[in-house]
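First to last, the sequence lines map onto chains A and B.
If you read the first sequence in the working numbering, its first letter stands for residue 1, the second for the next number, and so on.
If you read the second sequence in the working numbering, its first letter stands for residue 1001, the second for the next number, and so on.
Some clues are possibly wrong.
[Claimed, not checked] For lysine-lysine, the following BS3-like pairs were computed, each having C-alpha atoms within a straight-line distance of at most 30 Å: (1) B:Lys1071 <-> B:Lys1009; (2) B:Lys1009 <-> B:Lys1083; (3) B:Lys1014 <-> B:Lys1083; (4) A:Lys22 <-> A:Lys73; (5) B:Lys1009 <-> A:Lys9; (6) A:Lys57 <-> A:Lys9; (7) A:Lys73 <-> A:Lys15; (8) B:Lys1070 <-> B:Lys1083; (9) A:Lys9 <-> B:Lys1057; (10) A:Lys22 <-> A:Lys9; (11) A:Lys65 <-> A:Lys9; (12) B:Lys1014 <-> B:Lys1057; (13) B:Lys1083 <-> A:Lys9; (14) A:Lys22 <-> B:Lys1057; (15) B:Lys1083 <-> A:Lys65.
[Stated by the list, open to error] Derived coverage of chain B by chain A (criterion: at least 3 residues anywhere in the stretch with Cβ under 8 Å from a Cβ of chain A; other residues may be distant): (16) 1037 to 1047; (17) 1095 to 1102.
In case anyone wonders, no lab produced these hints; they're calculated from the structure.
Using N, Cα and C, we set each Cβ at its ideal position, and we do this for glycine too.
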Amino acid sequence: AQRVTQPEKLLSVFKGAPVELKCNYSYSGSPELFWYVQYSRQRLQLLLRHISRESIKGFTADLNKGETSFHLKKPFAQEEDSAMYYCALTGNTGNQFYFGTGTSLTVIP
Amino acid sequence: DGGITQSPKYLFRKEGQNVTLSCEQNLNHDAMYWYRQDPGQGLRLIYYSQIVNDFQKGDIAEGYSVSREKKESFPLTVTSAQKNPTAFYLCASRLGQGSYEQYFGPGTRLTVT
Chain A
1 AQRVTQPEKL
11 LSVFKGAPVE
21 LKCNYSYSGS
31 PELFWYVQYS
41 RQRLQLLLRH
51 ISRESIKGFT
61 ADLNKGETSF
71 HLKKPFAQEE
81 DSAMYYCALT
91 GNTGNQFYFG
101 TGTSLTVIP
Chain B
1001 DGGITQSPKY
1011 LFRKEGQNVT
1021 LSCEQNLNHD
1031 AMYWYRQDPG
1041 QGLRLIYYSQ
1051 IVNDFQKGDI
1061 AEGYSVSREK
1071 KESFPLTVTS
1081 AQKNPTAFYL
1091 CASRLGQGSY
1101 EQYFGPGTRL
1111 TVT
């Protein structure tokens, strides 16, 4: 069965500290992995996609097929990074998406 | 913001009544989705539609129905058969084949008492 696991419901880090939000997945095929973010009073929006290999707002995520992980990382957390983060996957058709339960990140000033 | 809208923002219904949630997009997207968001459970897919007049059940379709008569509209009906209808409902759209980014609406919070 397809599944996305985010083990941390809540994560707090100090400003300037490194942050890592964990995501593990199970999928019978080649998945497309994503991180979505929801800032306070804003809509859920795409943060980054594994295939683009971009760094968005200083965040990066590497797909590790051996460990079936797609952890989101940022070397120096900023207060504006405080938000809810969702890991998601889909298959190569992009028809059906599976989301994790989300991690609420708080960056302490 | 804009592009994909959901109305109303808050909706209250009595138990046993059907209720329809609106989702409209002007992005010319082919695919549309309905998710349910509950605390601690993330987003769970209810229904999705890849093209007009076609839709498929997601993981939690029981007690829900949809239609896709127009490209820009994908209304969701929460029927009286849905055992726990009180939730936050999110609609999303996606351009279509080869494009994976979903654009989300602002959501509708449904309360059934």
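Review point. When you check the alpha-carbon spacing of lysine 22 (chain A) and lysine 1057 (chain B), does it fall within 30 Å?
Key: holds, 29 Å
Review point. Is lysine 1070 (chain B) close enough to lysine 1083 (chain B), meaning Cα to Cα at most 30 Å?
Key: holds, 29 Å
Review point. Does the alpha-carbon distance linking lysine 1083 (chain B) and lysine 9 (chain A) stay inside the 30 Å limit?
Key: holds, 26 Å
Point to revise | Given pair status - lysine 9 (chain A), lysine 57 (chain A), alpha carbons within 30 Å | key: holds, 22 Å
Point to revise | Satisfaction of hint between lysine 65 (chain A) and lysine 1083 (chain B), Cα-Cα up to 30 Å | key: Violated: lysine 1083 (chain B) and lysine 65 (chain A) sit about 38 Å apart, past 30 Å.
Check your understanding: Does the structure keep lysine 65 (chain A) and lysine 9 (chain A) at a Cα separation of 30 Å or less?
Key -> Holds, because 23 Å separates the two Cα atoms, which is no more than 30 Å.
Point to revise | Pair hint outcome, lysine 22 (chain A) versus lysine 9 (chain A) [Cα-Cα no greater than 30 Å] | key: It holds: about 10 Å lies between the C-alpha atoms, which stays within 30 Å.
Practice item. Mind checking the alpha carbons of lysine 73 (chain A) and lysine 15 (chain A) for me, to see if they're no more than 30 Å apart? Key: Holds: lysine 73 (chain A) and lysine 15 (chain A) sit about 14 Å apart, inside 30 Å.
Check your understanding: Given the hint that lysine 1009 (chain B) pairs with lysine 9 (chain A), does the C-alpha gap stay at or below 30 Å?
Key -> holds, 26 Å
Review point. Would the pair lysine 1009 (chain B) and lysine 1083 (chain B) pass a check requiring their Cα atoms to be no farther apart than 30 Å?
Key: Distance of about 22 Å is within 30 Å: holds.
Practice item. Measure nothing beyond the straight line between the CA atoms of lysine 1071 (chain B) and lysine 1009 (chain B); if it is 30 Å or shorter, mark the hint as holding. Key: holds, 22 Å
Practice item. Mind checking the alpha carbons of lysine 22 (chain A) and lysine 73 (chain A) for me, to see if they're no more than 30 Å apart? Key: Roughly 9 Å between the alpha carbons, so the hint for lysine 22 (chain A) and lysine 73 (chain A) holds.
Taken one by one, the earlier hints fail for this structure only at number 15.
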